[in-house]
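Fit the two chains together into the complex; they arrive one by one in their own frames, and the hints show the way.
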Amino acid sequence: MEAEVIKANILLPTHLSFKRMQMSDKYPKGYARGRHWKHLKQILQAENYQNFPPTDPNYVNIESPPSMYPSKKFCDITGFEAPYVDPRTTLRYANANVFKSIRSFPNEHVQRYLSLRNAAVVLK
Amino acid sequence: MGYGGARRLADSRLCKDFKGFELGETVTIVGDHDPALMKYFDCTRSSHRSAFDGNVVYQFEIMEYILDYGFERMGADGSQVDHPILITECVCNPVQSRSKLAELLFEGYGVPSVAFGVDAVFSYKYNQQLGVCDKDGLAICSGLNTSHIIPFVNGEPVFEACCRTNIGGYHVTDYLKQLLSLKYPNHMSNITWEKVEDLKMEHCYVALDYASEVRLFQKGAKEAEEKNRCWQLPWIPPPAEEPPSEEEIARKAAIKEKQGQRLREMAAAKRSSRITELENELQGLEFLLHQLENVQENDVPSFLSETGYISKLEIESAVVRVTQSLKKAKREQVEIEEKMDPSMTEKYTLINIPDNMLSPEQLKEKRKQLFIKTTSEGRQRAKQKRFEEELDRERQNELDEKKRLENPELYLEQLHAKHRELSEKFEQRKRLKVNGTHTNESHNSSGGVGRGERLNAAQKERMRLLTTAAFDRGKGEDTFGTRDEDWQLYKLMSKDIDDDDEGQDEDEAELARVTSRLQDIDPTFVAKSEIGPFQTIVEIPRFRPLTKEDFQIILGVERFRCPEILFQPNMIGIDQAGMDEMAGISIRRLPLKGNSVEERITNSILMTGGSCLFPGMGERLEAGIRKIRPFESPIRVVRASDPVLDAWRGAAAFAAAVPFSEQIFSRQDYYEKGEDWLRRYNLRQMIAITGAFHFSQISLGQEREPMAGLTFARGLALLYGHSSKSCAYDSPNKMVIRKKFKLRDIKIRTVFRVELSLVEFGQAQLCFSLARTLL
Numbered sequence: 001m002e003a004e005v006i007k008a009n010i011l012l013p014t015h016l017s018f019k020r021m022q023m024s025d026k027y028p029k030g031y032a033r034g035r036h037w038k039h040l041k042q043i044l045q046a047e048n049y050q051n052f053p054p055t056d057p058n059y060v061n062i063e064s065p066p067s068m069y070p071s072k073k074f075c076d077i078t079g080f081e082a083p084y085v086d087p088r089t090t091l092r093y094a095n096a097n098v099f100k101s102i103r104s105f106p107n108e109h110v111q112r113y114l115s116l117r118n119a120a121v122v123l124k
Numbered sequence: 001m002g003y004g005g006a007r008r009l010a011d012s013r014l015c016k017d018f019k020g021f022e023l024g025e026t027v028t029i030v031g032d033h034d035p036a037l038m039k040y041f042d043c044t045r046s047s048h049r050s051a052f053d054g055n056v057v058y059q060f061e062i063m064e065y066i067l068d069y070g071f072e073r074m075g076a077d078g079s080q081v082d083h084p085i086l087i088t089e090c091v092c093n094p095v096q097s098r099s100k101l102a103e104l105l106f107e108g109y110g111v112p113s114v115a116f117g118v119d120a121v122f123s124y125k126y127n128q129q130l131g132v133c134d135k136d137g138l139a140i141c142s143g144l145n146t147s148h149i150i151p152f153v154n155g156e157p158v159f160e161a162c163c164r165t166n167i168g169g170y171h172v173t174d175y176l177k178q179l180l181s182l183k184y185p186n187h188m189s190n191i192t193w194e195k196v197e198d199l200k201m202e203h204c205y206v207a208l209d210y211a212s213e214v215r216l217f218q219k220g221a222k223e224a225e226e227k228n229r230c231w232q233l234p235w236i237p238p239p240a241e242e243p244p245s246e247e248e249i250a251r252k253a254a255i256k257e258k259q260g261q262r263l264r265e266m267a268a269a270k271r272s273s274r275i276t277e278l279e280n281e282l283q284g285l286e287f288l289l290h291q292l293e294n295v296q297e298n299d300v301p302s303f304l305s306e307t308g309y310i311s312k313l314e315i316e317s318a319v320v321r322v323t324q325s326l327k328k329a330k331r332e333q334v335e336i337e338e339k340m341d342p343s344m345t346e347k348y349t350l351i352n353i354p355d356n357m358l359s360p361e362q363l364k365e366k367r368k369q370l371f372i373k374t375t376s377e378g379r380q381r382a383k384q385k386r387f388e389e390e391l392d393r394e395r396q397n398e399l400d401e402k403k404r405l406e407n408p409e410l411y412l413e414q415l416h417a418k419h420r421e422l423s424e425k426f427e428q429r430k431r432l433k434v435n436g437t438h439t440n441e442s443h444n445s446s447g448g449v450g451r452g453e454r455l456n457a458a459q460k461e462r463m464r465l466l467t468t469a470a471f472d473r474g475k476g477e478d479t480f481g482t483r484d485e486d487w488q489l490y491k492l493m494s495k496d497i498d499d500d501d502e503g504q505d506e507d508e509a510e511l512a513r514v515t516s517r518l519q520d521i522d523p524t525f526v527a528k529s530e531i532g533p534f535q536t537i538v539e540i541p542r543f544r545p546l547t548k549e550d551f552q553i554i555l556g557v558e559r560f561r562c563p564e565i566l567f568q569p570n571m572i573g574i575d576q577a578g579m580d581e582m583a584g585i586s587i588r589r590l591p592l593k594g595n596s597v598e599e600r601i602t603n604s605i606l607m608t609g610g611s612c613l614f615p616g617m618g619e620r621l622e623a624g625i626r627k628i629r630p631f632e633s634p635i636r637v638v639r640a641s642d643p644v645l646d647a648w649r650g651a652a653a654f655a656a657a658v659p660f661s662e663q664i665f666s667r668q669d670y671y672e673k674g675e676d677w678l679r680r681y682n683l684r685q686m687i688a689i690t691g692a693f694h695f696s697q698i699s700l701g702q703e704r705e706p707m708a709g710l711t712f713a714r715g716l717a718l719l720y721g722h723s724s725k726s727c728a729y730d731s732p733n734k735m736v737i738r739k740k741f742k743l744r745d746i747k748i749r750t751v752f753r754v755e756l757s758l759v760e761f762g763q764a765q766l767c768f769s770l771a772r773t774l775l
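Chains as they are written, first to last, in full-length UniProt numbering: chain A, 1 to 124; chain B, 1 to 775.
To be clear, the hints were calculated from the coordinates, so they are not data collected in a lab.
Just so we're clear, the structure is a prediction, and the values are computed from it rather than from any experiment.
Incorrect hints may appear among the rest.
Said to hold, decoys possible - Residues of chain B placed beyond 12 Å of chain A at every Cβ, according to the derived structure:
{"#": "1", "residue": "Y175"}
{"#": "2", "residue": "R393"}
{"#": "3", "residue": "H419"}
{"#": "4", "residue": "R420"}
{"#": "5", "residue": "E461"}
{"#": "6", "residue": "E619"}
As the list claims (entries may be wrong) - Computed footprint of chain B on chain A; a stretch qualifies when at least three of its residues, placed anywhere within it, have a C-beta under 8 Å from a C-beta of chain B:
{"#": "7", "stretch": "42 to 50"}
{"#": "8", "stretch": "64 to 72"}
{"#": "9", "stretch": "79 to 91"}
{"#": "10", "stretch": "108 to 116"}
Glycine included, every Cβ here is placed at the ideal spot set by N, Cα and C.
So that you can see chain B by itself, here it is in the shape it has in the complex (with noise of 0.2 Å):
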């Protein structure tokens, strides 16, 4: 069965199990998901699974979707699926899971018989044919998640020397994701698996020697430059503003203006009608006075609880208050200070009096006035106090400007001396601060401070109480807050509280102002450092646009970094060897030596698997090998001809062959002998795929049709039961009319028909050919 590509893109992890729900249903989806499509489908409750665990095969029910997607596209129906199956798997898969999956096929499906074999080795066995390397020689795996060495020596892999790391393209993606997200935090959408993976093929390389690369990046020089690749994110810049044009602003202003006259009407009119209050009152109150005098002593309560007012006294006072408002009201300048001594001797009259010839009522009367009067003179002297520190400070501002006017130069120096000293003093308690927060978060949170940091002296009190008060109280209850000293002692041990602060504004404030004057005196000063909350690189600035370069990924460093940790895969604290060194333990692990064997292998070493196509591998390699082996010995790496599908194309070459059918594994094995006589069961490839290969090289040379294509279908043919047939096909996605081919050994019956069905597996597209023959 053309398995042999499907299972090498399953390792891909294109080959996914995909649980989808649309229209209320749960669908399975195969295959590698196209975006365009997965919109139609609700994957919130499920996502991509994969059958394999590193290499090998173990969640079979998403196996057995793998294989019903697999039979159903190529067309097979009838109560089972009849022909023998050819499965490639890893190096040494465990037993268990290779009876697994027979199991699945023989009950599962009613397959007739199957075969396992080791995908690298098909790899090798097909390139052999081309040409491409010998008989003797030494395969580099590297697929997805491992990659794998094996020597071949007369033809037949030598499996006790094989090697194996757990280090595969899966591991390149996975770091250069990780490094570019950690790199541009605020891009972390964007940067998804898909398109890192995309990027990866795109642009990484291997570098044929890491240090000096890493050294002209690090130069900076004109070379590097030229390697880095920019990815733009897509980004639309804001609709620019166009400075307003002259109307504009005269339209503005126009505006400006009416509103502001209209603030200003409102203003007068209510200024207005508040002054007809006032004077209103005023009379009002005027005319009461002006009634009192008339009334008699005796009615004056009576007359007086009418209108509201209880005393004379009251009436004069809310009269001279009106006359108050009413004059500022009018704008005259009134000196409310002198005005308010009459009223506040008349106010205070109780206190001068004794307290012996006072009654209760009177008396708290008087603590009141008392009380009233000490405010304000309180605020009086700081009215003044104020004002006498103005006075000061403009004499301190004269002062400085005569110092200035006199000799300009030195005042300069001495302004700028200043401000480097506040400066200074200002940047350590800033890092004295941040350091001693930063060592109390990431320790634990008792306080504890690292090994290298100086205690200041509060810190240092404070440990010291912290660590009286744990050790005091021994005696089991806990008695720490019920008394008000605890409590102060709770404040001097917190952390939040922090004492530095107020001197810290004050220096600041002064920092700020000698800032400011040297911004204003000298033209060449700049503000060394900004004053303001401790700023991480992470940030973006928000105080200016957003440019285009926000939205670039570079890709400099990381390009020839990633795919780097399949030589070294320290860099990512996997504790195996690269692959140059594997392929010095895979030779010294030969059972057999001599006879020259090792330098026949390294004369033919050929390089497989998906993630073998970066640019630079095969001179990385050659390199890292000539190192291992001595002086002048003959190296020659190679690339196989199609590194993904060649696998697939091995193995079916092998199936096409004509003694496969006694190579398999039989039903009536598995019955019989059970699983465990798969642990003995080795496939021998020598003689198998010779003879098969030659003659359709002939027969190929009329034809249009890859060669490879033709293989598949005569692979497909083969699984049939039939031994010899053969069928050819157009192009992809076309019928195939009959063809006849006379060939020197085999005989070739006629096609009759053929159906051709394309599956899009991932990235290649794979032909499935069904021939149904006539015997």
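If we strip away everything but chain A, and leave its shape as in the complex, we get (with noise of 0.2 Å):
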């Protein structure tokens, strides 16, 4: 191994004495590893919250609730204040300038820019 690599200390070394069994036997190589690790989803609907009082804190409890106010429109491609919504492509725009561009972007832009507000079509 290269010096600079080895000074930089990120390596990790194969066999650690503290261990009681150590990486590379638990998950051998070769093997296809056992990645059915739960994601977040599955593992807060194992928690069963609604076995516990309702006042307990835990994880969705503590979640924020959507926000009171209305939300202020900006325009999706210069930020400005965005009275207007372009009826075909449903973007925001603040002024024509915007608008004659709007309607120059070929589509996949149009959806990515819909995708940053979470407002894309989406086809499954």
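Written out as structure tokens, the structure is:
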């Protein structure tokens, strides 16, 4: 290994004395690693929070509710205030110049702008 | 264990597990990857992985790697890790995650005891000791993936009133990255995640009032110009071509002249050789003719068969041909048409003879001659027409000129009007065409048109055809293509055929002519629009050389637009409250109110977490919270002393305090009570830290080291299971000297030997020290 790499101390040695079982034994090479870790959603489902009193704080309880204020509408492209919406692409825009450029976008550009706002059409 | 810091870094994704391939073996790399070192590894098969989903650990294999790394760096050896461990986690961590981690530590590493705590709380307590905030207050912790708000009453966190929004630094960086790559699609390869994160940390700020700031930019005010930051990408200008000097020009001209000369000589030589050839041929033919005259009638065919000519006629026509080409070669004017006539009448001899007198072969011959005659006549007629048209146009031009000379202004006006008309018509047609094709693309393939679009006649017709064709054949068998008429129908229906084109070409040509005329005559006329393919803004026009400006990325509005999502998550589409609103929600959720708790809380609001480092965030939070609270309530927002690492420091301090050993979850408990007990496990933090910190403050009066460093060391010393130890270090990277401390209550033993190892975790350098002490 190059000297730089060793000095930077980023590599993990393969055998560690304080472990009861080395990683290489637990996950032997060549086998498909048992990567069936539950994702957060599954973990939360398995938690069964409804069996516990609802006043207890738990991961789901403490999430903040939707905002009380109506959302301000800003232009998708420039970030200015956007009083208008393009009917064809449903992008918000601020003035006529922006509108002109919107009409010249290819479709995937439009979808990317919309997905910034979570408003893109997702075909499953 | 000084894991709080490492844990926080893991939050910020700096601690990654990364499998690289080097020299044929798979290695695991943990920590921030420095691009300079990464080139030693082949990263194509794997990428960096993080153990977190949101802010909860879920991938324990990777967690194990991280823990391995941490322990190994701290020099743990021996058969197991013998120290109690304090792990920081998120608020209300699901029990599964917590229990799996405990299992990992107990079973995998043989740790004697474990404790869990919330990172934001540690940070708050630490700052409380520093005097930055009070016993009652609000902690606003904004991390990588989430932001929490936790109120504190009497020094204890009230988790029932806690509030969490799933927006953090990661989302800000992601937003900035997307915006930049959409705005500058040519430089997409330069806009990498790491670079964007650097940009964010350097240039982004939180605007006090987003709407007014944005209006400033919209107006194009000078302050807005100043706020623009420009990122210049590396760019090398193409080597400038100097205008060729005089000698160069002369030399090039001479070369060209020579080449021209050479070509001309070659052409002349070829011509002369051709002339001689033709002359020879002519001579031969004449000789042949001469001979023919001498030969008798009967012997003609046999005689001629040797020469390859069938009849006298052929020879004579050949003679004529050769003389013609000869003359042409000698560049004499030839009246081709006149020459053609006698040969034509000769060729078409058979035409005038009526059919019944000819033999079958002669009939065929006659038909051929008829065909040739008609075609050549047609060609002649076309030539005539062209000639006439030319004359016509010339006459028109002369008229035009005359008109212009008579009355220049009127003429100009007329021309302008004509140009305008034509260009309008053209534009309109172009727009229709583009809109038509656009709608056809963006809607389904059956050619459906959107609501507001008007169909022109052709499109209406097509729609009608489509619908009738679609609904006509209900019999189950589709026999559409079997008849010829069907193909006509198909052609009409097909989208690709557009019969506007021919009309458009004419108009285009007309427009072009008029524009050029105007340009010639009128110096002030500028062509309005280009007749060319419809250009999108995304392309760089290729016909001008790229300049330095093309390689600049300008951050103007984005500088404060991106951190704004922390306060308005609706900008990203996440339907939750922003940070200032969350504070109000949290205060509202407090179970016991009274004794002016709220005022005390808002009087000490602490900002921690990496994403609160944006300039301007404090003022914005204050303004936001002032909107919610009653008039003139005290509001004070402070930032933690080190937002990034305070959680670690707090945890270390907690670990160093005396009652720590009573609070932890030991292996014994784990075996007896099992994992479920962890659910009810709660870290009581009240008493812990107050006492321990005092003396460290006093003692370090004389020391040069930062106090934080000492607490690291102390915290770690504690891990060795000894209740009160202290160690000191001189400065990073050096071996320490023994030192003795004698302080009020707590006895301190000497430190025997300390080793230091520097670990680079991302952008922070933490010193881990190991103390081996004598009991």
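Original post:
Among all the numbered hints in the text so far, which are the ones the structure does not match?
Top reply: 1
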